[in-house]
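Engineer: In our numbering, the protein residues as written are 1 to 131.
By construction, these hints were calculated from the structure, which means they are not laboratory data. Each hint should be verified, as a subset may be incorrect.
Ranges between beta-carbon positions, derived for each pair [to be verified]:
(1) K113 with V37: 15 to 23 angstroms
(2) I70 with D36: 31 to 39 angstroms
(3) G60 with T87: 39 to 47 angstroms
(4) K27 with I126: 15 to 23 angstroms
(5) P73 with M52: 18 to 26 angstroms
(6) K113 with A19: 25 to 33 angstroms
(7) K113 with D36: 29 to 37 angstroms
(8) F101 with G76: 17 to 25 angstroms
(9) D94 with D36: 21 to 29 angstroms
(10) F116 with G80: 37 to 45 angstroms
(11) V111 with C35: 17 to 25 angstroms
The list that follows gives simulated cross-link-like pairs (lysine-lysine, DSSO-like), each with its CA atoms no further than 27 angstroms apart [to be verified]:
(12) K27 with K68
(13) K68 with K113
(14) K24 with K97
(15) K68 with K122
(16) K27 with K113
(17) K68 with K97
(18) K97 with K29
(19) K11 with K24
(20) K27 with K11
All C-beta atoms, glycine included, are put in the ideal place defined by N, C-alpha and C.
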Amino acid sequence: QRQLRKISITKRSEAEIVADMMEKQMKAKSAPTVCDVVLIGGGHSHVHVIRMLGMVPIPGVRVTLISKDIETPYSGMLPGHIAGYYTRSECHIDLGKLARFAGIQMIHAEVTKIDFDNQILKIRDINNEDR
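With the sequences and hints as input, model every part of the structure.
Structural biologist: Dropping the structure here:
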């Protein structure tokens, strides 16, 4: 028979949790950048990654989100929106606000070409100007 270890769970206040997250963000921001990560599109997976990076940032990793949308729908609330329980704003995630929370850069543009060999992205911003 296996013996289970006793795990003690310490209850922390919301203020302690926020202070811990802020300390981790400060440490991560002060670390030199050793890796760039570019997220293309603001879908569910990227929203989750950005949220987690806001809570537990990785020192040395600079993240940029490129998305043609400023808001992304939360599909789990779509049936409630159709039924009239939620407004449009209640069932959409503000990507700009999320990016600010996580301390990452957001570029409001559409990726039009990816050059993997040279690690270059061609984008079209909201004014349809190529960059």
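Engineer: Each of the hints needs a verdict: does it hold here or not?
Structural biologist: Going through the hints against the structure:
1. K113 with V37: 15 to 23 angstroms: Because 19 angstroms falls inside the window, the suggested range holds.
2. I70 with D36: 31 to 39 angstroms: Once the Cβ atoms are compared, 23 angstroms apart, the range 31 to 39 angstroms for D36 and I70 is violated.
3. G60 with T87: 39 to 47 angstroms: holds, 40 angstroms
4. K27 with I126: 15 to 23 angstroms: Distance hint for K27, I126 is violated at roughly 34 angstroms.
5. P73 with M52: 18 to 26 angstroms: holds, 20 angstroms
6. K113 with A19: 25 to 33 angstroms: Since K113 and A19 have Cβ atoms about 43 angstroms apart, the given range 25 to 33 angstroms is violated.
7. K113 with D36: 29 to 37 angstroms: Since K113 and D36 have Cβ atoms about 18 angstroms apart, the given range 29 to 37 angstroms is violated.
8. F101 with G76: 17 to 25 angstroms: Taking Cβ atoms as reference, F101 and G76 lie about 20 angstroms apart, which means the hint holds.
9. D94 with D36: 21 to 29 angstroms: holds, 24 angstroms
10. F116 with G80: 37 to 45 angstroms: Given about 40 angstroms between the Cβ atoms, the range holds.
11. V111 with C35: 17 to 25 angstroms: holds, 20 angstroms
12. K27 with K68: Cα-Cα ~31 angstroms, so violated.
13. K68 with K113: holds, 14 angstroms
14. K24 with K97: Status holds; Cα separation ~19 angstroms.
15. K68 with K122: holds, 13 angstroms
16. K27 with K113: With a Cα-Cα distance of about 34 angstroms, the restraint between K27 and K113 is violated, given a limit of 27 angstroms.
17. K68 with K97: holds, 15 angstroms
18. K97 with K29: holds, 18 angstroms
19. K11 with K24: Judged against 27 angstroms, a Cα distance of about 19 angstroms means the pair holds.
20. K27 with K11: holds, 24 angstroms
Hint violations for this structure: numbers 2, 4, 6, 7, 12 and 16, all remaining hints satisfied.
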